[in-house]
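Quick mapping for you: the protein sequence lines, in order, are chains A and B. According to our numbering, the residues represented by the first sequence are 33 to 176, in order. According to our numbering, the residues represented by the second sequence are 186 to 291, in order.
Hints should not be assumed to be uniformly reliable.
[Said to hold, decoys possible] Straight-line alpha carbon distances no greater than 27 Å define the calculated DSS-like cross-link-like pairs of lysine-lysine that follow:
#, chain 1, residue 1, chain 2, residue 2
1, B, 213, B, 223
2, B, 256, A, 169
3, B, 256, B, 238
4, B, 270, B, 223
5, B, 213, B, 234
6, B, 242, B, 273
7, B, 259, A, 169
8, A, 131, B, 242
9, B, 223, B, 242
10, A, 137, B, 273
11, A, 137, B, 213
12, A, 131, B, 213
13, B, 242, A, 137
14, B, 201, A, 168
15, B, 238, A, 131
16, B, 270, B, 259
Simulated from the structure, these hints should not be mistaken for laboratory data.
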Amino acid sequence: MASAKVKQDMPPPGGYGPVQYKRNLPTRGPSGYAMFGIGIGVMVFGYWRIVKWNRERRRLLIEDLEARIALLPLLQAESDRRTLRLMRENLEEEAVIMKDVPGWKVGENMFHTERWVAPTLDELYNLRLREELIQKKFDFLKYM
Amino acid sequence: MPFVDLQGRLGINIDKWILAHSSEQPYKRAARCHAFEKEWIECSHGIGKIRAKNECKLEFEDFYECMHREKTNKRQYEIRTQRDKLVKEGSYTPPPQHSGKDEMRP
């Protein structure tokens, strides 16, 4: 077994290069204070944007409310006309319906006073369909 | 304390605003029966319970009726049942606005 020229897998001449065995933890990126700064900066920017937009939204809301205030006489007049129309129809129908009932006073006032008492929804929608009353009372009509 | 008007003396309003609907309300929104309640309270103030029960009957009945609408609802019920009876007999047909055939105008 001597120095016969056998092909073996030997290290390269001069040996291998240096092997890195020490830790490699380079400090990179922003520092802690910088990260806090960036975070807080982004938050403050976000708050400022939201505050500005909320103030703008409040202005828009006030504009809507002012528009409603401007329209209120019209809406109130419409509502009053409606009330009176419904009361009139109810009165006429009551006169027709109850004419054979003894001792019935048509349009009898339930109060002792002569003041105007605002009629309730039940009173106004008494002779109409039940769905209309429910729709008016609760503003939706899904579960009956 | 009944004869010591503590809240009046101190000028504060701890619970007077709760006691009646006719007291000062937020946003100045009046109650539905504000007038009736005010009348009844003004009528029955300071005269004691028994006298108030005797003398303020009308105001109290109006206030009660405004709150609960018992007589109104009973009357409406009678009208409705009479109408249904007539429709069943066939001697009365409800007009279009009462059978859902007209469009709702304001």
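The hints, checked one at a time:
{"no.": "1", "hint": "213(B) x 223(B)", "in the structure": "holds, 15 Å"}
{"no.": "2", "hint": "256(B) x 169(A)", "in the structure": "holds, 21 Å"}
{"no.": "3", "hint": "256(B) x 238(B)", "in the structure": "holds, 20 Å"}
{"no.": "4", "hint": "270(B) x 223(B)", "in the structure": "violated, 41 Å"}
{"no.": "5", "hint": "213(B) x 234(B)", "in the structure": "violated, 30 Å"}
{"no.": "6", "hint": "242(B) x 273(B)", "in the structure": "violated, 41 Å"}
{"no.": "7", "hint": "259(B) x 169(A)", "in the structure": "holds, 19 Å"}
{"no.": "8", "hint": "131(A) x 242(B)", "in the structure": "violated, 32 Å"}
{"no.": "9", "hint": "223(B) x 242(B)", "in the structure": "holds, 14 Å"}
{"no.": "10", "hint": "137(A) x 273(B)", "in the structure": "holds, 24 Å"}
{"no.": "11", "hint": "137(A) x 213(B)", "in the structure": "violated, 38 Å"}
{"no.": "12", "hint": "131(A) x 213(B)", "in the structure": "violated, 44 Å"}
{"no.": "13", "hint": "242(B) x 137(A)", "in the structure": "holds, 23 Å"}
{"no.": "14", "hint": "201(B) x 168(A)", "in the structure": "violated, 34 Å"}
{"no.": "15", "hint": "238(B) x 131(A)", "in the structure": "violated, 37 Å"}
{"no.": "16", "hint": "270(B) x 259(B)", "in the structure": "holds, 16 Å"}
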